[in-house]
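> As you go down the protein sequences, you meet chains A, B and C in turn. When you line the first sequence up against the numbering used here, it's residues 1 to 334, in that order. When you line the second sequence up against the numbering used here, it's residues 1001 to 1305, in that order. When you line the third sequence up against the numbering used here, it's residues 2001 to 2318, in that order.
Heads up, a few of these hints could be off.
As the list claims (entries may be wrong) - No more than 25 Å apart at the CA atoms, straight line, and that leaves these computed lysine-lysine pairs for BS3-like: (1) C/Lys2225 to C/Lys2214; (2) A/Lys23 to C/Lys2214; (3) C/Lys2214 to A/Lys112; (4) C/Lys2225 to A/Lys130; (5) A/Lys126 to C/Lys2229; (6) A/Lys109 to C/Lys2225; (7) C/Lys2233 to A/Lys130; (8) A/Lys175 to C/Lys2122; (9) C/Lys2168 to A/Lys91; (10) C/Lys2214 to A/Lys26; (11) A/Lys127 to C/Lys2225; (12) C/Lys2168 to B/Lys1252; (13) A/Lys130 to C/Lys2229; (14) A/Lys123 to C/Lys2229; (15) A/Lys130 to C/Lys2214; (16) C/Lys2225 to A/Lys126; (17) A/Lys112 to C/Lys2229; (18) C/Lys2168 to A/Lys109; (19) A/Lys91 to C/Lys2214; (20) C/Lys2214 to A/Lys109; (21) A/Lys18 to C/Lys2214; (22) C/Lys2122 to A/Lys18; (23) A/Lys112 to C/Lys2168; (24) C/Lys2229 to A/Lys109.
To be clear, the hints were calculated from the coordinates, so they are not data collected in a lab.
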Amino acid sequence: MSKSLLEVDHLSISFWGKDRWLKAVKDISFTVNQGEIVAIVGESGSGKSVTAEALLGLHQPATSLIDGRIRFNGELVYDSKASHLASLRGKAIGMIFQDALNSLNPVFKIDKQFIETLRQHQKISKKAAKALAVEALQLCGISDPVRILNSYPHELSGGLQQRVMIALAISCQPKLLIGDEPTTALDVTIQYQILTLLKDIQAKLNTGILLITHDFGVVAEIATRVIVMYAGEIVESGPTADILNSPRHPYTQSLLKSRVPKDIQATNGKLTTIQGSVPSLQAMPEDGCRFAPRIPWLPATAHETSPQLHQVGGEHWVRCRCWEHFKFAEELSL
Amino acid sequence: METTQKHLTHLKHKASLGPWRLRISLADHKLLTIGLMMLLIMFSVAVFAPQIVQLDPYEINPMDRLTGPSAQYWFGTDEFGRDVFSRSVYGARYSFFIGMVVAALSVIPALIIGLLSAYFPLLDLILMRVMDGLYAFPAILLAIAIVAIRGSSVENLMIALVIVYIPAVSRVIRSAALSVKGKSYIKALDSQGASAFRIIGVHMLPNILPTVFIQFSYVFAQSIMTESALSFLGAGIPAPMPSLGNILFDGKAVIYNSWWMTVFPGLFIVMLVIGLNFVGDGLSNAFNQRHVGRVKRVKAKKGVV
Amino acid sequence: MARYVAKRLLALIPVILIVAVVVFMLVQLTPGDPASILLGDEADAASIAQLNAELGMDLPLREQFMNWFNNVLKGNLGSSIFFKKPVTEMFWTNFKPTLALALYAEIIAVVLALVFGSLAAKFRGTWLDHAVNGFTVLGISVPSFLWALILVMVFAVYFRLFPSSGYKDLSNGFLPFMRYLTLPAVALGLVQSSIMTRITRINMIEALESPYIKATTARGISSRKVVFKHALKNAFLPILTVIGDSFGGLITGAAVVETVFNIPGIGQLIINSIERRDYIVIQGSIILITFIYLSLNLVIDILYGVVDPRVHLESEAS
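Excised from the complex, chain A in its bound form (with noise of 0.2 Å):
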């Protein structure tokens, strides 16, 4: 049994909308472990980006409400001392965004960004920090990291940044490397090189690893472990492989076949799109199943008044009953 990194228990994250306060992410609990890659799924409008950010405290406090407990390594993250937070981030937890040159200060050199921020976690000399931060460049595979180093942000290609992001974000050797969508920006080959070479940062550096994404080609691609939301909630968890072949609840089964097929012919040209959309949130509704709108077909009976995660094998969680009897609509001849 690996060793758990994180443990997020039935955390709540609302924040203030005008009047009143309107939750993003309702009671959700999920661990990762050293050594996992952990997926976490959901459209625009699921709270994942939302969790993400909260595991270091980046919402504004005067705006925002959290609820429940956060754990890294056995420690509460937000607890009386608001510098427990500032001792972990960069350090024990890195993070990568979806822009890269959004996260890259535009006005600094490269090298001046890696030594900043490794001379804030550790006392060393400037030239021992532009050391490790060739050291951690070339770990993400950039052959000339000297003249990288050099560079203005804006001066590189999306591939590029996005490996010095991610370089960045590892040149403090972190225990857990939070992503939030690393790889949607980009290409789709380069979005496969960075992808391998988060496996390979994972293996060598045994960082467990958080990805957000909204995309289940990446969650096929590296994934052990896939959290899927939906609308603030986790509707299905499990491992990556139980997920893919048999998923259960009605959101994830029509995730996947919403996805564009290799042999698009088969489908006669049609894309499968899940009707309906994720509900605002100021109009998210308070018990029931949240999906229950995007299947109407399916009687009001099927969906559980308070979904509950039950565990339907192994690592396996699906939300609600709605699964047991759900049926696309086309199989049902509507």
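Since the structure of chain A is provided, determine the placement of chains B and C on it from the hints.
Using the frame of chain A, we list chains B and C on its own:
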């Protein structure tokens, strides 16, 4: 369920009002309302001056010189024994009137110049060079110079201020007009053969109207400040006409003992200017102007006073 | 980079030309000729005509302008009709106090603006933010001479901490120099500081909401560094524009403050020259001030390119 302390403590302080987002939306309308209220008060003072004032602002009472506020002289008296209250009220009246006229006479030509420059590149080259040249001048000095040349009177003062403000405002209007011009529907109209007049008058003009109003209130505020500065220097409203700046100048000589000659006229100026600035800012927020930075550049330039 | 500078310099030429023409015309429109004023009311027409001829007043306007402008370009701004001293000499003597005042005011203004603007942005919505906002509104709405009077009333009259007027140059020692300049500098700087603080705040709010700030925080960089090193450097560009604009405004705003505190600076020089109809001094001083002002803007524009590497890369590409 254990709740995280850190976030809740933050909230306790804001529990009643909610976090900043709530405050900002209230503040938007608050600014405009407060500004308008202050303006209304000063407007009433200015307009109803003859009704409010009992004592003659020009009357000299040497026996009562430099007395503090009393039942008879609400704001005290100046070095000639004149009632500071009536002088301040009339001074406010003149400042209000002058400010309004200057703002109107500046904004209208600036509007035309700005619009034409934005639309016709050739005109732009010529007009903007001239405006830049005038704009390069230190405002106060230009005003002083003009008043010195033509003599000290209310008309000359207004002429001087108008000459100073037209370049500044026309620049702002020009950028606003340019950003409208760059929008695709203008290009579409142009390609459909719409006449220049039509494009400028019917389509561009309404879109820059918010900017025009905002500039009006800022110029109004600025000219009140500049006028009082000029009067303070003796190049503004000529003595013995009462002007807030004049009274302040007289008050300076006796500042060690007669605080009322500084405080009361000063208060009037502040009320007028803050009121106008609030209205300008409030309008700016209401119309969601992103030009806030640019508009303030005008002030940064002229905020010399 | 060189192209960038060259473009800016080229744009200046038409402006300088127009300024020269306007200044010249302005003074020419002054009723009364210098000779009459110099010689007084008793002088007869012949002496006036003679003096005018000596002063070159009888030449056609265009010629007068060309003569004058040529001399200006050579650096000869003429001599004061009244004092017979070269304008340049008089100007620089009076410029020193104005410059000292403006610099002092600018330093106060910038420090206050950067600190309070950034803090207000970081702690947006709290009492600090509202206090800063309230004070800056006041700062903008009160003319600097009124601030000067208020400061005199509070600190010179009531608390007797500072003198209410006068000027002591450095030869009398640094401390008296500062003591006499402090109230005027604060009065002058307050207005500019308020404007700068507001701009700083707005730009810092925008900078702090940028994604790279989130990423920088995620790397564990301390909050203080995030605000004052990262956010500020990015927000600095527009703030720099304001600083540049404001310095010019300070030099001229000094004119008014100088009158309140009786400081022998440029303001006094020009105002007195206007009263004396010493048009040569007026012309020369205004040209010089405008020139200084324009050069300042040029320097700021160049600094732009240094602070933000994206700027001159863009202009090189265009």
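> Going through the earlier hints one by one, which of them does the structure break, listed in rising order?
8, 9, 18, 23
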